[in-house]
Amino acid sequence: MSSIVLIPLLPFLAFLIAGLFGRWLKERAHWVAVPAVGLSWVLSIAAFLEVAGGAPIHVTLYRWIGSGSLNVNISLYVDQLTAVMLLLVTTVSTLVHLYTVGYLHGDKGYARFFAYIALFTFSMLMLVMADNFLQLYVFWEAVGLCSYLLIAHWYERKSACNAATKAFVVNRIGDFGFGLGILLAFVTFGSLDYQTAFSAAPGHVGQAINLLAWAGGDWSVDVITLIALLLFVGAVGKSAQLPLHTWLPDAMEGPTPISALIHAATMVTAGVFLVARLNPIFNLSPVAMDVVAWTGAVTAIFAATIALTQNDIKRVVAYSTVSQLGYMMMACGVGAYAAGIFHLLTHGAFKALLFLGCGSVIHALSGEQDLRRMGGLKSAMPITYWTFLAGAIALSGIPPFAGFFSKDEILWQAFSAGGAGVALWGIGLVTAFLTAFYSFRLVFSIFHGRSRVSKEAAHHLHESPAVITIPLMVLAFLSLTAGWVGIPAEGLNAISPFLAPVLAAHEAAAPAEDHAMEYVLMLVSVAAAAGGIALAYLFYVRSPGLPARVAASAAGLYRLSFNKWYVDELYDAIIVRPTVALARGLWRGVDVLIIDGAVNGVGRVTQAWGAALRVMQSGQLQHYALFMALGAVLMVGLYLLG
Amino acid sequence: MNFSWIQLVAIAPEIVLTIGACALLLFDLVIPRDQKDKLGYFAVGILIVACYGSWKLANVEADVFFGMFTLDPYATYFKMLVYLAGALTILLSMTYLEIEKIHLGEYYGFVLLSTAGMMVMVSAGDLIMVYLGLELLSISLYTMAGFKRSESRSIEASAKYLILGSFSSAILLYGISILYGIAGTTNLKALGTFFAANPLDNPGLLVSMGFLVVGFGFKVAAVPFHMWTPDVYEGSPTPVTAFMSVAPKAASFAVFLRVFAEALGGLKPHWQPILVTVAVATMILGNVVAIVQTNIKRMLAYSSIAHAGYALIGIIVGGGLGTMSLMLYLMIYALMNLGAFGVVILLRKGGMRGEEISDFTGLAKKNPVAAVIMLIFMFSLAGIPPTAGFVAKFYLFMGAVEAGMVWLAVVGVLLSAVSAYYYLRVVMVMYMREPSGDFDLATSPATSLALVITTIAVLFLGLYPAPLIDATKAAILQIP
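Keeping their order, the protein sequence lines are chains A and B. Just so we're aligned: 599 in our numbering is position 599 of the first sequence, and the numbers increase by one with no gaps anywhere. Just so we're aligned: 1161 in our numbering is position 161 of the second sequence, and the numbers increase by one with no gaps anywhere.
Treat the hints as calculated values from the structure; they're not laboratory data. Note that CB positions come from ideal geometry on N, CA and C, so glycine has one too. Each hint should be verified, as a subset may be incorrect.
Claimed, not checked - Output of the computed footprint for chain A on chain B, the stretches with three or more beta carbons under 8 Å from beta carbons of chain A:
hint, region
1, 1130-1140
2, 1164-1175
3, 1226-1237
Next up, chain A with everything else stripped away, as it sits in the complex:
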């Protein structure tokens, strides 16, 4: 058995130990979790090198269910795509584990936190290593569960509990579609195994399924498209795409390390990973591909506009995450899976960095998250400042930082797809401008200008300890360098060819060999980013009064953005309230009157039965014997009659 078994197993053992013996471990819990995840990181590198050097690794641990047509194995499958995901997950997880040691020092849920975060790491690793739909689904749910548990880490806070519930419920909507998609895939392809399903899929192109057959109606839809769209619904929920994005910003109620690990670098990218992993199915359905691309593009620009005006620094970064996930989806939708995964990787580095940087600031300011009460922290927190700056540059897409290469790859791929792709490119470009603006709004508001920090917070102001700054520096280094594996020039782009065996390019995304055009577009997008930064500089450094004036003159737009386009209110009005009203109606009307009536009725009937049975179950031996004899007579009688 190969050593890759240990990659998920070590975090799982850490979970068991920290979970079962947390009461005794207390403040020593990290001595279990950090080495386990660190070792798992080392093994991931080894696995990566092994895959890079040869064929995918496939280990079947055991058959969980084997019965007739339904066979489910628990397996570990590492191909090129999984290998890079393994690297991402274990790297960020290790750094976040380390960071947590400093960040949650003294928290009473310390051991519990490490137990859950180790469980999350295990589940995420199993998710990316799955070789069949059921294992994928199980761990898809497991990461959702961990996310729920960790958002509600400070469960005394009502807002944290609400956020956790919201995340769970919204994800359930996505998972419902996802589950249906898996069932339909099983029914259609006859197997839950990826490879079997992929090889069966082309045979079902053009096959239609009548959704109203049970009612005698006729509503035929293309079965491949339906499978792809249902699976995509799951991705929309997990990756916080429109219209199921609302849970992610609220999830910021969780401790910051969680935001960095789960809600930026890993779990939320599972949706993108899913689309990339299942690309042989998505490629067969142009309709589904368009839906993916446009969902991504609209989400990207939509979330970016919200990020412009938020005052909670973690929320700005959260909306930015939604926006960047939209970018990745858009890449997948135009068939540029490698570009999407490339952005997923670089984004994992710089977004984790930004979150951890926010955490460092929040930590230093004793829990302050509002950027109106920050400013001028540059001199007090130099390491946090410089690393945060690196993250912001990377996010804005300024070369030679990582975000530039991956984002530009996506924009170029969208543009070269032609037709509607140019529109997607336009949306992406505007988003890039907005992204640069809000990123530097954060940088300038937090670190530059006059200090607006409250007295008591200023008193405690300090640079964070080394366990916090070291992960920041490592991630800053990665934010600078991670993009260099994808430099868009002959012989320098390493990532696309590496992923090519898994992510066979969609014909729409066959790269047009027009480097001149590509470089022109590159200049345009850098210019957009630079423009955004310049505008942020004007607004927040040169003339700090300007934002308020602009907000006043465009009050309607400002309110729209500030109130997140009223999506939460909209959902509240059209879904939550009617649901609650319906529930109330059902409770008062149906439940109390009909169900309770029925239940009470059943209760009465049961009691009546009970009474009848009590007559039978009298304790009297003669009665028992009589009933047995009657039973025997009945049985023989049935035989003779039947």
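Starting from the known structure of chain A, arrange chain B on it as the hints suggest.
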């Protein structure tokens, strides 16, 4: 097929158990009152020796003593099951008997004797041997049920069990004699050959089959022959209840399947509808009546009736998949039910009887380990993954689906959902209610060992059932 002394090797495990049981009765005279535990460990030792013997004979397939006794992997599988159940019961009994002040050596002797009876049953090659094993088992159980001599409930349980058991045995014997009258033999294989050659539609045959269903239905507690179960389960000492609810049930199912598949397999179209009716009635009655119980032993009694209904599906489906799923089910059921009764036994200490569901109130606050163990068993009995109970039910219902009886599987699944209500109610009172006082649990190394074994087995088989599934597949009853 002549008699030779060498054939005694085939029944060596049974001989060991019987001699061991007699030895226990003798040792009891010389062991001081406060050291009766030693007898328990001695009995476990005897079971291990017998188990080793069966292990050695595992690959032997032979009919010995003129076809009276059949040695095959199918029988060996069930022998392993009853050894396990017997040993776990003994481990669970010691402290309980001490507390109830009924720590007598013959108890262990009866456990061994009833085990020997069950082994004769599962290895029976002839209806006479079926009956012989059944009586050896039953008579031991009658005594064990009445072991709390000072308590009227226990004596009542014993008396009821004795009289109703004799009644059912008489009916069974009547069925056997009619069968003999028709076919001229009581040998199972010969009966099978006879009915394959003469698929006759004799009213007498139908009567005899009906009587066999009554006899076996009584033993497995199927409706409408279940009425003794709640009273006997409630009144018997709890470890005896635990034992009765798993081992005799498993052995009876084993012989039920062997008789109906091997001897009466050719008549399946005739008996299948009747068994379907019985199974559905059993599942419904067991699950519905369990809901209103407040005594956990009675609740588990109705639960065991319901489980008999599920297990009947295995016989109805028959063939490789049906047999295999039944064998898997009975093993897993034995583990989880013994475990659940084990926790009930833990609660019996001092003034606390621990037999009401309300006695579990707030257990999680005071003793989280015991509560979590009970939770695992309740989840498993309800069939919730990733516990073994899920795997067990999955294969049974899957078998029904593959046999084209989808509706039967649907009924089973729906009633499993009903069963979640009363199992989870135990979990609810343990976790969601505040305890009224402290719990003083009757823990001892022996009980802890039994609970650890069952808990780990239930979780392990839920996550990794392959070894047990392979074992059942290798031991499927071969019908010629």
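Status of the hints after comparison with the structure:
Counting residues of the region 1130-1140 of chain B whose C-beta lies closer than 8 Å to any C-beta of chain A gives 0; at least three are required, and the coverage claim is violated. Look at the region 1164-1175 of chain B against chain A: 4 of its residues bring a Cβ nearer than 8 Å to a Cβ of that chain, three or more, so the hint holds. Note: the region 1226-1237 of chain B has 4 residues with beta-carbon separation from chain A under 8 Å; the three-residue rule is met and the coverage holds.
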